[in-house]
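In the order they appear, the protein sequences are chains S and H. Heads up: the first sequence is residues 1 to 137, going by our numbering. Heads up: the second sequence is residues 1 to 91, going by our numbering.
Incorrect hints may have been included.
Taking CB as the label site, the calculated pair distances span [to be verified]:
1. S:SER102 / H:VAL83: 12 to 22 Å
2. S:GLY23 / H:MET82: 38 to 48 Å
3. H:GLY85 / S:TRP5: 43 to 53 Å
4. H:SER10 / S:ILE15: 34 to 44 Å
5. H:ILE79 / S:ILE15: 35 to 45 Å
Computed, partial: chain S to chain H, Cβ under 8 Å [as the list claims (entries may be wrong)]:
6. PRO44
7. GLY55
8. LEU72
9. PHE74
10. PRO78
11. ILE99
12. ALA103
13. TYR110
14. LYS112
15. THR113
16. PHE119
17. ILE121
None of these hints come from the bench; they were simulated from the model. We treat Cβ as the ideally placed atom computed from N, Cα and C, and that holds for glycine.
Listed below are the residues making up each chain.
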Amino acid sequence: MQEYWEVRSKKLLIITLAAAVLGGVLTIYYFYNPAGNSLFLPCPFRYTTGYNCPGCGSQRAMHQLLHGNLPLAFSLNPLLIVSLPLIIYGIGIKVYNYIYDSAQRVKLFYSKTFIYGYFAIALLYWLVRNLSFYPFD
Amino acid sequence: METSNMPAGSPPDNNLVWAIITTVICCLPLGIVAIIKSTKVKELWMSGDQAGAQKAADDAKKYAIWGMVIGGVFWILYIILMVAGVLGSAF
Numbered sequence: 001m002q003e004y005w006e007v008r009s010k011k012l013l014i015i016t017l018a019a020a021v022l023g024g025v026l027t028i029y030y031f032y033n034p035a036g037n038s039l040f041l042p043c044p045f046r047y048t049t050g051y052n053c054p055g056c057g058s059q060r061a062m063h064q065l066l067h068g069n070l071p072l073a074f075s076l077n078p079l080l081i082v083s084l085p086l087i088i089y090g091i092g093i094k095v096y097n098y099i100y101d102s103a104q105r106v107k108l109f110y111s112k113t114f115i116y117g118y119f120a121i122a123l124l125y126w127l128v129r130n131l132s133f134y135p136f137d
Numbered sequence: 001m002e003t004s005n006m007p008a009g010s011p012p013d014n015n016l017v018w019a020i021i022t023t024v025i026c027c028l029p030l031g032i033v034a035i036i037k038s039t040k041v042k043e044l045w046m047s048g049d050q051a052g053a054q055k056a057a058d059d060a061k062k063y064a065i066w067g068m069v070i071g072g073v074f075w076i077l078y079i080i081l082m083v084a085g086v087l088g089s090a091f
């Protein structure tokens with residue numbers, strides 16, 4: 001019984017720390033706009049090649065999203081905005097499994113069609129967003 | 001899909017969330033490797049290779065986390081160079 005509570009409180013501590021770190025990061029993204037602020041890391045790919053990668057614009061999009069500006073966030077990185085519910089859901093399940101020692105699985109994540117489809121979209125988006133004509137520019 | 005040698009219970013967590021995060025946010029090739037490992041988890045599990053499935057799941061996690069670590073290292077290097085640049089130009 002003693003051991004049970006030790007495990008419990010250790011898990012609680014780790015989750016609290018993780019939540020604090022996440023909260024801190026989100027606070028930074030709320031108060032500082034990565035567009036025109038050198039505090040933020042530019043994407044190494046974009047920095048060296050001048051082309052956008054599938055993740056470029058994620059930081060600026062986070063800033064806009066935290067300010068409730070969904071359309072602008074979407075225009076900065078639609079892939080991130082579309083992926084965000086999946087990411088939140090996936091991590092939610094992971095946290096749940098961690099707390100309750102359960103083995104819940106996200107069915108979608110085991111579908112080959114989904115996995116290859118998602119990454120085909122990511123690769124296609126990588127190509128298409130670097131085209132220099134409307135609406136991709 | 002039900003096969004006789006399929007083990008009972010849930011397959012190991014294939015850690016696809018980390019792979020997605022690494023690919024979308026850090027845009028590193030390691031994310032892609034993690035995805036390929038993730039897809040192998042269910043395949044191996046279905047064929048009855050529990051140890052192999054667990055290993056693929058662990059590998060997926062490992063590659064995704066390494067992708068994030070490399071991203072983090074870039075960030076730290078960038079901040080060091082930036083601070084050094086600011087200090088350098090001050091004199």
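Tested hints:
no.	hint	verdict
1	S:SER102 / H:VAL83: 12 to 22 Å	violated (45 Å)
2	S:GLY23 / H:MET82: 38 to 48 Å	violated (25 Å)
3	H:GLY85 / S:TRP5: 43 to 53 Å	holds (51 Å)
4	H:SER10 / S:ILE15: 34 to 44 Å	violated (22 Å)
5	H:ILE79 / S:ILE15: 35 to 45 Å	violated (28 Å)
6	PRO44	holds (5 Å)
7	GLY55	holds (4 Å)
8	LEU72	violated (18 Å)
9	PHE74	violated (14 Å)
10	PRO78	violated (11 Å)
11	ILE99	violated (14 Å)
12	ALA103	holds (4 Å)
13	TYR110	holds (5 Å)
14	LYS112	holds (6 Å)
15	THR113	violated (11 Å)
16	PHE119	holds (6 Å)
17	ILE121	violated (11 Å)
Going down the numbered hints, you'll see the structure goes against 1, 2, 4, 5, 8, 9, 10, 11, 15, 17, while the others check out.
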